[in-house]
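Colleague: Please arrange chain B on chain A, whose structure you already have, making use of the hints.
Here is how the chains run, residue by residue.
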Amino acid sequence: QKEVEQNSGPLSVPEGAIASLNCTYSDRGSQSFFWYRQYSGKSPELIMSIYSNGDKEDGRFTAQLNKASQYVSLLIRDSQPSDSATYLCAVTPRGTNAGKSTFGDGTTLTVKP
Amino acid sequence: SQTIHQWPATLVQPVGSPLSLECTVEGTSNPNLYWYRQAAGRGLQLLFYSVGIGQISSEVPQNLSASRPQDRQFILSSKKLLLSDSGFYLCAWSRRTDYGYTFGSGTRLTVV
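Heads up: the sequence lines are chains A and B, in that order.
Position 25 (the first sequence) corresponds to 25 in our numbering; numbering is contiguous.
Position 18 (the second sequence) corresponds to 18 in our numbering; numbering is contiguous.
Here chain A stands alone, though its shape is the one from the complex:
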């Protein structure tokens, strides 16, 4: 079992729709959770951080965390073609490995005009 698993994708949604990206993690002691956006050929860019159970909203993006289910999701409302990218979920543990994020393989999102 991978430490961080994401929907294999690719995911395709029409412009204006809601895109839902999911991620599960295996380390129950994880403390920090992140979503990165990576355009083709470019480096990842941090778009959302979440640390406690519940929802966190930032513009059109909402991150959801459920530690009991070891589940993190990212919702993108009113999807735009510019949202087409690969989205990476990252999880950071506590303790001696604090700071060392483990990344999922990513989900590629295509938003069709």
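In short, the hints are calculated from the structure, not lab data.
Keep in mind that a hint or two might mislead.
Unchecked claim - DSS-like mimics (lysine-lysine), calculated; alpha carbons at most 30 Å apart, straight line:
1) A:Lys100 / B:Lys80
2) A:Lys100 / B:Lys79
3) B:Lys79 / A:Lys112
4) A:Lys100 / A:Lys42
5) A:Lys100 / A:Lys67
6) A:Lys112 / A:Lys56
7) B:Lys80 / A:Lys42
8) A:Lys42 / A:Lys112
9) A:Lys2 / A:Lys42
10) A:Lys56 / A:Lys2
11) A:Lys112 / A:Lys100
12) A:Lys2 / A:Lys67
What the hints assert, rightly or not - Taking beta-carbon pairs under 10 Å as the criterion, some of the chain A residues facing chain B (in silico):
13) Gln6
14) Thr86
15) Lys100
16) Pro113
If you're wondering where the values come from, they're calculated on a predicted model, not measured in any experiment.
Even for Gly, the Cβ is constructed at its ideal location relative to N, Cα and C.
Modeller: Below, chain B alone, put in the same frame as chain A:
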């Protein structure tokens, strides 16, 4: 504001040749520094992690090494490259261990 510089952007090297990739951070002090590698179509693999000058944690036992000669400088090296060393190398920094990363622009390395 903080910025991270990474160079070169692309590199084609023959098998057995040495490697040196450099990363510098500006606008902050005592950053946590990271080297990750991304294989094509895959997630990121942590190679090295540093919390301070001369403090390097190696995550992958391969023919790569890292050094931090100055507070905001992080160098990835190899004495002899292998074909399997090809990939997209990313330097990153964070202010705290529970913060997300800011990545450099990356180096695309092809070993031929």
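Colleague: Please go over all the hints and tell whether each is borne out by the structure.
Modeller: For each hint, the structure was consulted:
Taken as a hint, the Lys100 of chain A and Lys80 of chain B pair is honoured in the structure, with Cα atoms around 27 Å apart against an allowance of 30 Å. Taking the CA atoms of Lys100 of chain A and Lys79 of chain B, the gap is about 26 Å. The hint holds against a cut of 30 Å. For the hint pairing Lys79 of chain B with Lys112 of chain A, the CA-to-CA distance comes to about 46 Å; that exceeds 30 Å, so the pair is violated. With a CA separation close to 21 Å, the supplied pair Lys100 of chain A and Lys42 of chain A stays within the 30 Å bound.
Between Lys100 of chain A and Lys67 of chain A the CA atoms are separated by roughly 19 Å; this keeps the pair inside 30 Å, and the hint holds. Note on Lys112 of chain A and Lys56 of chain A: the hinted pairing holds, with a Cα-Cα distance of about 26 Å set against a maximum of 30 Å. Distance check on the hinted pair: Lys80 of chain B and Lys42 of chain A sit about 27 Å apart at the alpha-carbon level, within 30 Å; holds. Proposed proximity of Lys42 of chain A and Lys112 of chain A is supported: the alpha carbons are some 21 Å apart, at most 30 Å.
The hinted pair formed by Lys2 of chain A and Lys42 of chain A meets the criterion: a straight-line CA distance of about 25 Å does not exceed 30 Å. For the hint linking Lys56 of chain A to Lys2 of chain A, the alpha-carbon distance of about 26 Å falls within 30 Å, and the restraint holds. Restraint check: the Cα-Cα separation between Lys112 of chain A and Lys100 of chain A comes to about 35 Å, which exceeds 30 Å; the hinted pair is violated. Distance check on the hinted pair: Lys2 of chain A and Lys67 of chain A sit about 17 Å apart at the alpha-carbon level, within 30 Å; holds.
Interface restraint check for Gln6 of chain A: the shortest CB-CB distance to chain B comes to about 8 Å, inside 10 Å, so the restraint holds. Interface hint status for Thr86 of chain A: upheld, as the beta-carbon distance to the closest one in chain B is roughly 9 Å, under 10 Å. Below 10 Å, beta-carbon pairs count as interface contacts, and Lys100 of chain A has one with chain B at about 6 Å; its hint therefore holds. Interface restraint check for Pro113 of chain A: the shortest CB-CB distance to chain B comes to about 25 Å, outside 10 Å, so the restraint is violated.
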